[in-house]
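**Student:** What follows is the residue order along each chain.
Protein chains: 2
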Amino acid sequence: MKLYDFGPAASAKRVRIFLHEKGIQVPTVELDVRDGAQYKEPFTTMNPFHCVPFLELDNGTVIAESISICRYLEELNPTPSLFGQNSEERAVIDMWNRRVELDGFYPALHAARNSIPMFKGRVVPGTRTDIEQSPAVVERGKEMLEIFFGRLDPHLSDNAFIAGAKISIADITCFFATNMATAFEMDLEGKFPNTYRWHQEFSARPSTEA
Amino acid sequence: MKLYDFGPAASAKRVRIFLHEKGIQVPTVELDVRDGAQYKEPFTTMNPFHCVPFLELDNGTVIAESISICRYLEELNPTPSLFGQNSEERAVIDMWNRRVELDGFYPALHAARNSIPMFKGRVVPGTRTDIEQSPAVVERGKEMLEIFFGRLDPHLSDNAFIAGAKISIADITCFFATNMATAFEMDLEGKFPNTYRWHQEFSARPSTEA
Chain C
19 MKLYDFGPAA SAKRVRIFLH EKGIQVPTVE LDVRDGAQYK EPFTTMNPFH
69 CVPFLELDNG TVIAESISIC RYLEELNPTP SLFGQNSEER AVIDMWNRRV
119 ELDGFYPALH AARNSIPMFK GRVVPGTRTD IEQSPAVVER GKEMLEIFFG
169 RLDPHLSDNA FIAGAKISIA DITCFFATNM ATAFEMDLEG KFPNTYRWHQ
219 EFSARPSTEA
Chain Z
19 MKLYDFGPAA SAKRVRIFLH EKGIQVPTVE LDVRDGAQYK EPFTTMNPFH
69 CVPFLELDNG TVIAESISIC RYLEELNPTP SLFGQNSEER AVIDMWNRRV
119 ELDGFYPALH AARNSIPMFK GRVVPGTRTD IEQSPAVVER GKEMLEIFFG
169 RLDPHLSDNA FIAGAKISIA DITCFFATNM ATAFEMDLEG KFPNTYRWHQ
219 EFSARPSTEA
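From first to last, the protein sequence lines are chains C and Z. Residue numbering for the first sequence follows our numbering, beginning at 19 and increasing consecutively. Residue numbering for the second sequence follows our numbering, beginning at 19 and increasing consecutively.
Hints are computed from structural coordinates only; laboratory data are not their basis. Take the hints with a grain of salt, since some may be wrong.
One copy or any two copies: either way a pair holds, since identical chains are not told apart in the list.
Claimed, not checked - Here are the simulated SDA-like pairs of lysine to any residue, each with C-alpha atoms no more than 25 Å apart in a straight line:
no.	residue 1	residue 2
1	Lys160	Asn77
2	Lys160	Val142
3	Lys160	Gly208
4	Lys160	Glu219
5	Lys184	Pro66
6	Lys160	Ser175
Extracted from the complex, chain C is given alone in its bound form (with noise of 0.2 Å):
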């Protein structure tokens, strides 16, 4: 397998931390998505949604999507497990993935496109667009950020983890929802004091590195 990289996109961060926390690794190939790589043969076919990262198969399937690259190496070396390692851990750990994903990340991410100036005529993940850049969908991304955190808070007041007592792939995806709120500048400390010590004992593991 290949795994298809852009080091300073989120997604693809998302995947290497996995992989770090998880010991695996993955033979990689760097695409220079700056220059539109992504769009170009034979990589438009491989990913015709045009994203990073994405993982080759042996075979030739294309599994795109950070987290379904996550999933499937997870199936593959279940130890240590970070998807959790019965039915119901999977469904608990699944369940905060989506409401950190949904909830928080994604709302971030959309008001981080609309917002920094790099990202002008590609507000749209995977697209060129002549789509401009939307103050009212930045507005919306921290606010919703900041509902996210206020539910969240509370939960970890009493949980070491997001999906509870151990690290999971929810902790990695809410990483990043953190990282955003830290750059817009968000009182993170003040106001959501246990998401706050949650992040920083985050930060401090190797992985957030790779």
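Keeping the supplied structure of chain C fixed, place chain Z upon it in accordance with the hints.
**Tutor:** Below, chain Z alone, put in the same frame as chain C:
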């Protein structure tokens, strides 16, 4: 186990279609969401994210998030499979479900929440908030849905279902994305004929009445 349901909610209907396609029955309780039952005890403690549906297991564990519920029930009832029968199938189906959800269904859902009068005061799922409905969020959701169909349509020219030759959870998710397109009076038939063909076929399945 017990499923807490609410008839009109798209997320709840996703689970009901899944149950019907699987041929599973789960004891179900209807929550009076319009009256705010999800904010009252015991439900607010069971699911502090205040969304329906959620599944209560016999040991008290609560699984919220429609896809996490379906994923759990699939593990207990593997046949017929809607999440895939081996690691590769599961990864490909998960990838497609995420593409549909993140690029199509969720942007459209936010567009609906920000335009339909009934959702005033609750533009963010599972919250009561004074955040106002935003025409810019509606516009962006419709734009993203249209971009998504533009990428999906070529794929459906030679695939019977979203994730390939077999029906999967990704089809159930996409059914709601195409329903929203119809509600937004998007010209699926004229602009995205393969998607329209797929939608016509899926809409004819008895499960969609669940």
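**Student:** Check each numbered hint against the structure and report the violated ones by number, ascending.
**Tutor:** 1
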